[in-house]
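So the sequence lines, in the order shown, correspond to chains A and B. Whatever position you read off the first sequence (first residue = 1), add 61 for the working numbering. Whatever position you read off the second sequence (first residue = 1), add 493 for the working numbering.
The hints are simulated quantities; they were obtained by calculation from the structure and are not laboratory data. The reader is advised that the hints may include incorrect statements.
Stated by the list, open to error - One-sided excerpt, in silico: chain A residues whose CB lies under 7 Å from chain B:
1. T161
2. G193
3. V196
4. V200
5. S210
Computed from a prediction, not measured in an experiment: that's the story for all the values here. Here a beta-carbon is modelled for each residue, glycine too, at the ideal position from N, C-alpha and C.
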Amino acid sequence: MVNLVLLLAVNMPIAHGNMANNNMISNDERFAVDQRGKFVVYKTEPIADGVSFSDINQQLTNYLTQKGNHTTTSGGNRLESWGSVTMKKHAGIGNYVGGTINYTLVVENDEGELNYWFTDLTYQPYRNDRYGKRVKASVSPIPLEKKMSKVNDKVWNKQRGYAYETIDQLADEVSSQLKAVGKSKIVTTSMGE
Amino acid sequence: MLVFVSPLYLIETIRQRADRFITLKQIIPMKKIMLFAALLTAGCSITYAQDESLTISGSVDAYYKYDFSKYKNEDGLSNIPTSFADEQNSISLGMINLILGKTVGKASFVGDISFGPRGQGQSLLGERDGNSFHIQNLYMTYGFTDKFSMTAGFMGTFVGYEIISPTGNFNYSTSYLFTNGPFQNAGIKAEYAFSDKVGLMVGLFNDWNVYQDFNGVSDFGAQLSLAPVEGWEAYVNFLTGSPSGTIVDLTTTYDITDAFKLGLNAADFSASDDDDGGYSGGALYAQYGFSDAFALGVRGEYFKLKDIGSGDDLMEGSSVVGLTLSANVKAGPLTIIPEFRFDNSSDELFYKNVSMDPTKSASQFSIAAVYAF
Chain A
62 MVNLVLLLAV NMPIAHGNMA NNNMISNDER FAVDQRGKFV VYKTEPIADG
112 VSFSDINQQL TNYLTQKGNH TTTSGGNRLE SWGSVTMKKH AGIGNYVGGT
162 INYTLVVEND EGELNYWFTD LTYQPYRNDR YGKRVKASVS PIPLEKKMSK
212 VNDKVWNKQR GYAYETIDQL ADEVSSQLKA VGKSKIVTTS MGE
Chain B
494 MLVFVSPLYL IETIRQRADR FITLKQIIPM KKIMLFAALL TAGCSITYAQ
544 DESLTISGSV DAYYKYDFSK YKNEDGLSNI PTSFADEQNS ISLGMINLIL
594 GKTVGKASFV GDISFGPRGQ GQSLLGERDG NSFHIQNLYM TYGFTDKFSM
644 TAGFMGTFVG YEIISPTGNF NYSTSYLFTN GPFQNAGIKA EYAFSDKVGL
694 MVGLFNDWNV YQDFNGVSDF GAQLSLAPVE GWEAYVNFLT GSPSGTIVDL
744 TTTYDITDAF KLGLNAADFS ASDDDDGGYS GGALYAQYGF SDAFALGVRG
794 EYFKLKDIGS GDDLMEGSSV VGLTLSANVK AGPLTIIPEF RFDNSSDELF
844 YKNVSMDPTK SASQFSIAAV YAF
């Protein structure tokens, strides 16, 4: 189990296992920070009765594979998945006109409770090429933890706010997937009685 | 007789040629059509692609330029004849550029319209009735597989380093190679990615820069793209056809670090009619980002017009060396580009004052504002 420690923006450590969530973060970035100094979006979810981590693993792997992620499991109670998600909103610096957020999703079984968090968050900006087509604007994605110069600080914080919203929305999707584990799909049809 | 050919002459010649050529007629070789019909129907396997909502992006730009000679012609243009930042001692408009794009399944489109001097008469040729459709890009793409796609429509040219949109260039003023090369190519092209490092594009195109080609589909183009290592991209471009001629172009960029970037553009153009000459040249670009807010870049260019004619009718082509130093100051989506440029010619192509005394060199300062969205 990863010894994940969340630090508030005021650098107050919270031990792993605390019911810390992102709503507690009151700074303008809204991200929690782990012991490596990396931004984290952290969630917990109780595991329903009769549901094993293997069931959760299968459900999430299918869901994440559909998104184009690379996913691995280890130790029978931990899943890691690497992927990216397109940002719907964009603040922009220079010629950046769009972007994606790269992430690592970690899901851990902690004695009947699922802890999952998004980390290694990087922003890959896009620009328009000569054909008006969006292409990568930088060789390396920009870590969300990066400090920008004073003139761009405000827009960068806005960008990070959008990144948080994007990841938070993705976390909600993951939560829905977790809640759907073990439940059969009910389809409503127009057939008569 | 020795007569010098100025870059301005060549630019005007190309434009006149493009206008003139749409009155000529040319038959497309049937073999080319058959080849593309075969490509269109080939390899129709289904691949997964995410649907995307409609994207809207673009830019606006404006500039001030001051030529130190104070010279300007009757149109208000000063010495250095390259594209866009050309109006003397004036706060002038670039363009407003609106780009729409959407992907559904394997099909996508880009519609890119522009209004303003940069996006109309300075980068788009007028139609028969003198109107402009304001279109920089209008094309549709279908990705048959992850590796193979086809695109048809009116597209920003694949030739060269610099582009029409000010958001795609570090320097605000443009190179002679850009100004004299094609701006758009309307046509149909097939792209195949052999791997992440090697790709090939072949296509049939109209003559340069026209929405409608009365000569028929007259140009053949190809692009070999290489990415030998991460951060290094190279494009070998070839475009040939009558009446424009044949251009071979190498464009390469290498991001040595996240902050330091080098670029190179080299091209050779020969007009299809030997008497119309051509040009060759190279431009080297170096840019360094000191922070997310400030970067400096320099462009050094050598540009040579080819000789025209022979014997007593020989017109010897001039050459120009251009040196441009630009800064990019980024405040959010706004980029301010202060720039100093010095051009030196082999011949007295420029004017040193308002009295139009000829000289071999010209220098200018400009400051531009570019907002991307």
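message: A closest beta-carbon separation below 7 Å is what the hint needs, so does A:V200 meet it against chain B?
response: Check passed: Cβ of A:V200 comes within 4 Å of chain B, closer than 7 Å.
- prompt: Can we keep the A:V196 interface hint, with Cβ of chain B closer than 7 Å?
  reply: violated (10 Å)
- prompt: If you take the shortest Cβ to Cβ gap from A:S210 to chain B, is it below 7 Å?
  reply: holds (4 Å)
message: A:T161 was flagged as interface toward chain B. Is the shortest Cβ-Cβ separation under 7 Å?
response: This interface hint is violated because 11 Å lies over the 7 Å limit.
message: Given a cut of 7 Å on the nearest C-beta pair, is the interface hint for A:G193 held or broken against chain B?
response: With a closest approach of 4 Å, the A:G193 hint holds.
Hints 1, 3, counting from the list given before, are not met by this structure.
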